[in-house]
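Spelled out, the chains give:
2 protein chains.
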Amino acid sequence: MKAKIEVFLKPEVLDPQGETIKRALHTLGYDTIREVRQGKVFYIELDEKDAGKVIEEIARKVLANPVIEDFRWETEK
Amino acid sequence: MKAKIEVFLKPEVLDPQGETIKRALHTLGYDTIREVRQGKVFYIELDEKDAGKVIEEIARKVLANPVIEDFRWETEK
Chain A
4 MKAKIEVFLK PEVLDPQGET IKRALHTLGY DTIREVRQGK VFYIELDEKD
54 AGKVIEEIAR KVLANPVIED FRWETEK
Chain B
4 MKAKIEVFLK PEVLDPQGET IKRALHTLGY DTIREVRQGK VFYIELDEKD
54 AGKVIEEIAR KVLANPVIED FRWETEK
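These protein sequence lines are chains A and B, in that order.
Throughout the first sequence, residue numbering follows the working numbering, covering 4 to 80 in sequence.
Throughout the second sequence, residue numbering follows the working numbering, covering 4 to 80 in sequence.
Simulated from the structure, these hints should not be mistaken for lab results.
You may find that some hints are simply not true.
Below, a list of computed lysine to aspartate or glutamate pairs in the DMTMM-like style, where the Cα atoms sit at most 25 Å apart [said to hold, decoys possible]:
id, chain 1, residue 1, chain 2, residue 2
1, B, 43, A, 77
2, B, 13, A, 34
3, B, 25, A, 34
4, B, 7, A, 77
5, A, 7, A, 79
6, B, 5, A, 73
7, A, 52, B, 38
8, A, 5, B, 34
9, A, 7, B, 53
10, A, 25, B, 22
11, A, 7, B, 50
12, B, 7, A, 53
13, A, 7, B, 73
14, B, 64, B, 53
15, B, 43, A, 34
16, A, 13, B, 34
17, B, 7, A, 72
18, B, 43, A, 60
19, A, 64, B, 22
Please read all numbers here as calculations on a predicted model, not as lab measurements.
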């Protein structure tokens, strides 16, 4: 089965990379952009067995840094 | 309004980073994982005016490399 895990900075954590992108977009004339924050997304294919448990675990322990990041996931099909 | 833009490698493009994560997960015992591919996600806040056009343009011209990447986007609220 397929799953998608999104990992993103907690709202209270500064995102200098997003800030830089926002400034670049303003420089290019896209001045309707108010905020940009960047995250990561992982597209995973895995066996059905215990899939929910496996996804939760790898997101929490491997893919996200729980000090500064949150995650959400969904399955496809 | 809020929008989310996902940028991901085209299916025919190798993803060594995803391969590395997959191998790391196997080493940790998560051997039900068959494939991992990594992408980027941008959370954007922007003015309503021409939002769809602006999102399409910045995704195509700035956030994604159209030679090797595709993107999809959706708005929230």
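We went through each hint and held it up to the structure:
In summary, the hint linking residue 43(B) to residue 77(A) is supported, as the alpha carbons are separated by about 16 Å, within the 25 Å threshold. At most 25 Å may separate the alpha-carbon atoms for a hinted pair to count; residue 13(B) and residue 34(A) exceed this at roughly 30 Å. Straight-line distance between C-alpha atoms of residue 25(B) and residue 34(A) comes to about 40 Å, which puts the hinted pair past the 25 Å bound. Proximity of residue 7(B) to residue 77(A) is assessed by CA-CA distance (about 15 Å); at most 25 Å being required, the pair is judged to hold.
Our distance criterion of 25 Å between C-alpha atoms is met by residue 7(A) and residue 79(A), whose separation comes to about 8 Å. For the given pair, residue 5(B) sits about 18 Å from residue 73(A) by alpha-carbon distance, which is consistent with the 25 Å threshold. Restraint check: the Cα-Cα separation between residue 52(A) and residue 38(B) comes to about 15 Å, which is no more than 25 Å; the hinted pair holds. For the proposed pair residue 5(A) and residue 34(B), the alpha carbon gap of about 15 Å is at most 25 Å, so the pair holds.
Under the criterion of a C-alpha separation no larger than 25 Å, the hint pairing residue 7(A) with residue 53(B) is inconsistent with the structure, at around 29 Å. In summary, the hint linking residue 25(A) to residue 22(B) is not supported, as the alpha carbons are separated by about 31 Å, beyond the 25 Å threshold. For the hint linking residue 7(A) to residue 50(B), the alpha-carbon distance of about 28 Å lies beyond 25 Å, and the restraint is violated. The suggested pairing of residue 7(B) with residue 53(A) is violated, with an alpha-carbon distance near 29 Å, which exceeds 25 Å.
Restraint check for residue 7(A) and residue 73(B): satisfied, since their Cα atoms lie roughly 16 Å apart, inside the 25 Å limit. Pair hint residue 64(B) plus residue 53(B) holds up; C-alpha atoms about 16 Å apart against a cutoff of 25 Å. This hinted pair checks out: residue 43(B) and residue 34(A) have alpha carbons roughly 22 Å apart, not beyond 25 Å. Distance restraint check for residue 13(A) and residue 34(B): the Cα-Cα separation of roughly 30 Å exceeds the 25 Å cut-off, and the hinted pair is therefore not satisfied.
As the CA atoms of residue 7(B) and residue 72(A) are separated by approximately 17 Å, the hinted pair is consistent with the 25 Å bound. Distance check on the hinted pair: residue 43(B) and residue 60(A) sit about 21 Å apart at the alpha-carbon level, within 25 Å; holds. Distance check on the hinted pair: residue 64(A) and residue 22(B) sit about 18 Å apart at the alpha-carbon level, within 25 Å; holds.
The structure fails hints 2, 3, 9, 10, 11, 12 and 16 (numbered hints given earlier, in ascending order).
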